[in-house]
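As a plain string of letters, each chain reads:
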Amino acid sequence: MELADIIVKFILVVIIFAISLVIAMYSTYAERKIAAFFQDRIGPNRAGPWGILQPLCDGAKMFLKEEIIPTNASAFLFIAGPSLAILTACLGSAVIPWGQDIQIGSRVIVLQVADINVGILYIFGVVSLGVYGVMIGGWASNNKYSLLGAIRAASQNISYEISMGLSIIALLMLTGTLSLRELAAQQHSWHWNVLRQPLGFLLFIVCAFAETNRTPFDLPECETELVGGYHTEYSSMKLGFYLFAEYINMFVSSAVMATLYWGGYNYPGMDWVALHTGPTVGPLIGVAILFAKIFLFIFFFMWVRWTIPRFRYDQLMDLGWKVLIPLAIANIVLTGLISNYL
Amino acid sequence: MGIRYFVNINMNTFYFIAFLSIFFSILVITAKNPVHSILYLVLTFFTFTVHYILLNAQFLAVVNFIVYMGAILVLFLYTLMLINLNKDSEPVKSNMVKIAAVLGGGCLLVVLVGCLKQVGVADPVVLKDPGLGLVQNLGKVLFNEFLLPFEISSLLLLSAMVGAVLLATKDPKPKSV
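Line by line, the protein sequences give chains A and B.
Add 273 to the 1-based position in the first sequence for the numbering used here, that's all there is to it.
Add 5 to the 1-based position in the second sequence for the numbering used here, that's all there is to it.
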């Protein structure tokens, strides 16, 4: 690898990191505005025009608040919990293909940080690590509500990871590749995977809600039963990291869903556009399309949160084990039959 | 020159990661708190993942990552958090047990030393063919040459699962609601 390539990769990493942080920051603003819209309120409107500076004020507030580490907490793990949560949230974006190769002058830039041939499994692995942040933080707080939240998070994530993996297997049977770059390229123009795997996508999005701990699956921080769940004892920016990690997770899982099922940067008529705009602008339009899809998914996450109430714990487990897993296995069998005999 | 350079980097990384593996596994058994010990075990498994990547076995690496770090150890941690881990509840072991443990450990040490006396520098098979650890090649081998053992081991896992469920249900009679 040449030095220039390394510099380009480095710039790409910095841009993606900055974008995920800014999107996570403004997701908090969007969430409050959307919640206000759903509940017929105005929402934040004081900081700047339309309250647009609200996330900055929230960030400053988080940083300036008093930092409390409970006396009986295990201090190192208490700090390691939120750090791990935000680390694993940021890791996932490394393998997502953000667009087709862009040609600037004579240089071709690949819009993906790492094209590893087990990309989907990498994302799956990072997702399964995400639970450590919650578990370690919840245990280290030395508080029974935190512990209950941590235990709930662990059992919920393990249960929904199984059906998530099974729904991905059906997708892999059709595409025959584990590399996200190839997977995105296969969905050229309108050949999106969701048309061939509608049930698989439905299973995947339900599991994505559960893995990101969003309502209706926010049992780990269920306020009505557990005070604040796993982050009961947290204050200042450590709490901020937990909340921030949730929004980054939401962004990354939206990007993964858009790439796996909704064509990624592909859109109908992209060949015509590429022909008329050239090799520099054409792929950039694809990137814009991908981000439009991501924003739609983020909006969907929020729409569901402010519409559907939280599950009861036994309902959550019933849904995971008795509905989603059998459906996912049936989906695999169906996919196998159809792809062999039709 | 290029290849030699990479081999050297690989060797140095290997020794560094191997040192970390041994360091963390020692911490696993010396840590006083069982939860800390599990967390060190997570780190140990992470170093194993890096070992697999150094051997070009990407699939094995990521499966080790998902299955061991992401699932099995989470369940370990889950169980440990539910157990009361006070010092008072720890059973006091008798002297006979301690002597037996020392004898057993000593025998293991002798066997290990005996084995290690014969080792030479490793000549890994995987590195000679960089594509050997890829999913395609692994799948071809697993579903052709080793199909029977592969399927039998899946049956074994299934029976273990059924056995665990059977053990967990104490009351075989259906409850009258």
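Do not take every clue at face value.
[To be verified] Computed footprint of chain B on chain A; a stretch qualifies when at least three of its residues, placed anywhere within it, have a C-beta under 8 Å from a C-beta of chain B:
(1) 372–382
(2) 401–413
[Unchecked claim] One side of the interface only, derived from the structure: several residues of chain B facing chain A at Cβ under 10 Å:
(3) I34
(4) A36
(5) S42
(6) T54
(7) V55
(8) L59
(9) Q63
(10) V67
(11) V72
(12) V79
(13) L108
(14) V140
(15) Q141
[What the hints assert, rightly or not] The calculated DSS-like cross-link candidates involving lysine-lysine, where the alpha carbons are at most 25 Å apart (straight line), are:
(16) B/K175 x A/K595
(17) B/K122 x B/K37
(18) B/K98 x A/K417
(19) B/K37 x B/K103
Everything labelled a hint here was simulated from the structure, so no lab data went into it.
For every residue, glycine included, the Cβ atom is placed at its ideal position computed from N, Cα and C.
Right, here's what the structure says about each hint:
1. For a cut-off of 8 Å, the count of residues in the stretch 372–382 of chain A with a CB near a CB of chain B stands at 0, and the three-residue condition is violated.
2. A count of 7 residues in the stretch 401–413 of chain A with a Cβ less than 8 Å from any Cβ of chain B is obtained; the coverage claim is therefore met, three being the minimum.
3. Checking B/I34 against chain A: minimum C-beta separation of about 19 Å lies over 10 Å; hint violated.
4. Of the supplied interface hints, the one on B/A36 is violated, with its beta-carbon coming no nearer than about 12 Å to a beta-carbon of chain A, more than 10 Å.
5. Violation of the interface hint for B/S42 is found here, the shortest Cβ-Cβ separation to chain A being roughly 13 Å, above the 10 Å cut-off.
6. At a threshold of 10 Å, the smallest CB-CB gap from B/T54 to chain A is about 9 Å, leaving the interface hint in force.
7. Annotation: interface hint on B/V55 violated; nearest CB of chain A at approximately 13 Å, more than 10 Å.
8. Of the supplied interface hints, the one on B/L59 is violated, with its beta-carbon coming no nearer than about 15 Å to a beta-carbon of chain A, more than 10 Å.
9. For B/Q63, the suggested interface contact is upheld, since its CB lies about 5 Å from the closest CB of chain A, less than 10 Å.
10. At about 4 Å, the closest approach between the beta carbon of B/V67 and any beta carbon in chain A falls short of 10 Å, and the interface hint on this residue holds.
11. Interface restraint check: B/V72 against chain A, minimum CB-CB distance 9 Å, threshold 10 Å, status holds.
12. Taking 10 Å as the C-beta cut-off, the interface hint given for B/V79 holds, the closest approach to chain A being about 6 Å.
13. Violation of the interface hint for B/L108 is found here, the shortest Cβ-Cβ separation to chain A being roughly 36 Å, above the 10 Å cut-off.
14. The restraint placing B/V140 at the interface with chain A holds, with a minimum CB-CB distance near 6 Å, inside the 10 Å limit.
15. Satisfaction of the interface hint for B/Q141 is found here, the shortest Cβ-Cβ separation to chain A being roughly 9 Å, below the 10 Å cut-off.
16. Distance check on the hinted pair: B/K175 and A/K595 sit about 21 Å apart at the alpha-carbon level, within 25 Å; holds.
17. Among the hinted pairs, B/K122 with B/K37 is inconsistent with the structure: their alpha-carbon atoms are about 33 Å apart, more than 25 Å.
18. Between B/K98 and A/K417, the direct Cα distance comes to roughly 31 Å. Violation of the 25 Å bound is thereby established for this hinted pair.
19. A distance of roughly 18 Å separates the Cα atoms of B/K37 and B/K103; the hinted pair therefore holds under the 25 Å criterion.
In this structure, the earlier hints numbered 1, 3, 4, 5, 7, 8, 13, 17 and 18 are contradicted, and the remaining ones agree with it.
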